[in-house]
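Chains as they are written, first to last, in my numbering: chain A, 2 to 433; chain B, 4 to 284; chain C, 877 to 1186.
Keep in mind that a hint or two might mislead.
Claimed, not checked - Pairs of lysine-lysine residues, derived as DSSO-like cross-links and limited to a Cα-Cα distance of at most 27 Å, are as follows:
(1) A:K39 - A:K284
(2) C:K950 - A:K225
(3) C:K950 - A:K420
Calculated directly from the structure, the hints in this document are not laboratory data.
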Amino acid sequence: MTRPATNRPTTRREFLKLAATGTAVALSRPLPASAAEKTITILHESSFIKPFDEYVVNTLAPTYEKEAGIKVNYEVTSVGSLQTRISTIAETGSGADITMNGLLGVFQFGDKYLDVSDIAEDIGKAQGGWYDAGREAVVVEGKWKSLPFSNIGQLMNWRTDWFAEVGVRKFPETWEELYEVGKKLKAKDHPYGFELGHGFGDNHGWLYPLLWSYGGSEVAADGKTVVIDSDESARAVDFCRKFFKDTMLDDVLGWTDVSNNKAWMAEQISCTNNAESILWFAKREFPDIGKVTDQAVNPAGPKGRFHLLNAISHSIFSFSPVREEARGFMRWLMEPKQLGGWYAIADSYYQPLLHGYDNAPMWSVEPRNLPYRDALASAHLPGWPAPASRQMAESVAKYVVVDMFAKACAGASTKVVIKDAETQLKNIYRAA
Amino acid sequence: MVTGHGRIEQAVRVWLPIGFFLVMALFPFYWMAITSIKPNAELYNRNVMPLIVHAPTLKHYVDLLTKSSFLLWTWNTMLVAVVATAISLILGTMLAYPLARMRFAGASLIAMTIAAIYLVPQPLLFIPLADVINRLDLGNTLTSVILTYPTMLVPFCAWLLLGYFKTVPKELEEAARIDGASRVQTMWKIFLPLCTPGFISAGIFAFTLSQNEFLYALIFLTKTSVRTVPVGVIAELIRGDVFYWGQLMAGALLGSIPVALIYSFFVEHYVAGLTAGSVKA
Amino acid sequence: MTIASERFPVLAHAAHRRASLSVVLDRQSVFSWLMMALPLAFLAALVGYPFFYGILLSLEDRPVAHAGTFVGLKNFVTDAHDPIFWRVAINTFVYTGVATLLKMVGGLGLALAMNQHFHMKNLVRALLLLPFIVPTVLSTVAWLWMLDPAFSVVNRLLVALGWPKPGPSWLGDPTLAMVSIIVINTWRGLPFYGITLLAGLQTVPSELYEAASIDGAGGWQRFRFITLPLLRPIILIVTLFSVIFTFADFQLVYVLTHGGPANATQLFATYAFDIAMGAGQLGLGASVALAMLPALALLIVALSIYLRRE
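Kindly generate the complete structure, drawing on both the sequences and the hints.
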């Protein structure tokens, strides 16, 4: 599929650069270091677990410099800014050599990433093989454009004490069972709180799995046919509506990602979908709440149990002047010694996508995080079973699936909300 | 002349509405202040009366100042605001003076163009502007915002100064012209010194807008070291989905104080600048 | 005369020569254009160029980090078929209209209340401006907390008065969410309106009021026939600014609801941002942003005509 490209000529950019250099240099960044020693710059999003970033700066980088004589510069950007930062680098062709990717980043910027299939194959062979989810997250048109690092999963968080009060000691297996328990808990003033607003993680984390577990999906595996209008989707929507009405706080319709964390610490809710942040924060700031907080895999629907894939991976920019050195570094970084150490320092916040770590000691540090490992086998990107694409990214950015459920919960009829979603998706996939 | 009756009546007439507006305006600040000194346990407690603090703590302020780059962001914000304001005042004057004082072909066209530029708000420009900033390799530098803030400030400064300039009596300039001064000298030595209230007015407003700006800062400044307070606080006092509420509120208060102080000194001039054209001496 | 020649020696010399550079520079048109050259160049480069570039972008299919392909009006057609786009348009108009009206009326009330004599006027004036001064994103975070039904003082009051627990969901109910952003916007902008109108009020000569009183005009009549007409220009100018700011508002919604619940508070600016920065579709995002222009232009033209009619 070739597109005629109207590329901006390099000459224009050079001209503009010259024109502005006078003013820019005075206030701009300092002059680059001498070319004697090579430097690899890695861009990473600031980690939720501070020691994780510190490990690179204090341990990994110095070790590599000693071994290979190449300096490693670890640059951190704040949470949420990674996309913007990569955009800038990709557009200007400079700024970093290796970058972390989140969610659909590999597909959006895949054209600017080096093919690392060879490194990936070797790593997979040496460390137990990749989870399918790893492949799903980074393979673009048959080529590995990134090296999967980990998943940052979303799980069900639940209050063991309140569930026990209504006679439930093990987290419910299915959505229907969860619903029944929720009704009882709401009656006891311990409602559920699942995000249905315009956040980023805690809404997708359960809504896509909900849709899939009833057999629904946005687009078929061919990546073109919009199939949201189906009985399966309708059943998922109907479930969601009663789930909201009978078990949850009204406010969840407007919740963003922080809201359920806040509600948990304020002891307002008994169950929600979240990443590891609730447990982590509770253990530190509210130990009493932390003691009664547990995590579980998503409930199953009639068509199975699913989780959201939010994979972190590392790519090498194809325009990097030190790309060969970068390849060498990535090989080194993904060796068991380095990789294992890096995973371990973050207490299973990052779930490895290599089977070799399925029984690693890191999992025994906080047994409540084990469900994260179990979730990997059923984790998928939003938009699954269609392959990742720009249309998928557009659907996520426009909250098509989230709003479909949210509007139904707010009172709209199932038929209408599904039709709306279909119209939107048809519009988005028109270009496909 | 004011009887006992009249005094009470006057107090009610003044303080009832003013009191109402004050409460409306300041209640959120009270909330910010209270939240910033509540320990986390109280902060998240639904059952206590949220308007009182039981065990105040300065921990959030300490954490804000020591564990985050808040002071650096404040410095960046002030630097950017001052420079952007200065640039805008200068460029604004260079536009407003000819329009106020000179007659020349194309004057009305220019005036309309400036008004039209005001019509182009930031969200309209941010996508292509991001591209421009990238090409100039100015991403993540304070230059990017120092250059782009005046785009929203210059039209406003030009308009406000134009209005103010028109009210300055022409006699002094005419006298200087008769004495043989060039236009530049007239403008520089005679005219501009008379316009202090106008400059203060435009300057304060520009400064406020500048330190309030968020969209461009969000897009151009992704490194901690170059961020301004609005972006820094929102992007970094929120780790993933955990809001550090106490620190956020502390940051909000500390972020407003410098500007509020400036306002309290200059509000008289601010109003004077806007009042241009009123009672002549 | 001698004193003047000393003060302005350069031109005293020049006056003796015929067509010299300084004389040319002193011609009104030359002086004006030279003076305006720098600011005009600046605006052309950083507003004009991006503006036209933005138009070009909107006519392209331009995914981030890829070259653009010209597609004509395709993006606008996509927008026209996008139900969210129309929701966004309605939201933005409602938001702007209601908030501006509230600010105008409230601001006038504030100005009238402040236009009396009392102590500590300066302090009060500075305090009242605080909502306008504090960076929007920061005060909005405070509002986020205040609007949480679990913590909201208003909800507590309502529940105490009999409302079913936990009280209204300010950010979860679509209508209330819109009300919330309008309230916060009004809270933020009213002081600016008020203080500016106050400045205008203070320019109304008291003689006019006195004359009217002597003629038998009551308070309301004095307001309607003297105050309002004289305030009209300043009301319109402030309204112009307010409308532009509010229509293009981004920060408030970005922090508070990010467009939720289900796009009930999604505005042009936030929607364009999501599309451009979230989905990486720069061309489509630019088309949404540009959609603001006709609406804004219409509003401004209407207001200007009204103003010109003075």
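>> Name the hints, by number, that the structure is in violation of.
In response: 1
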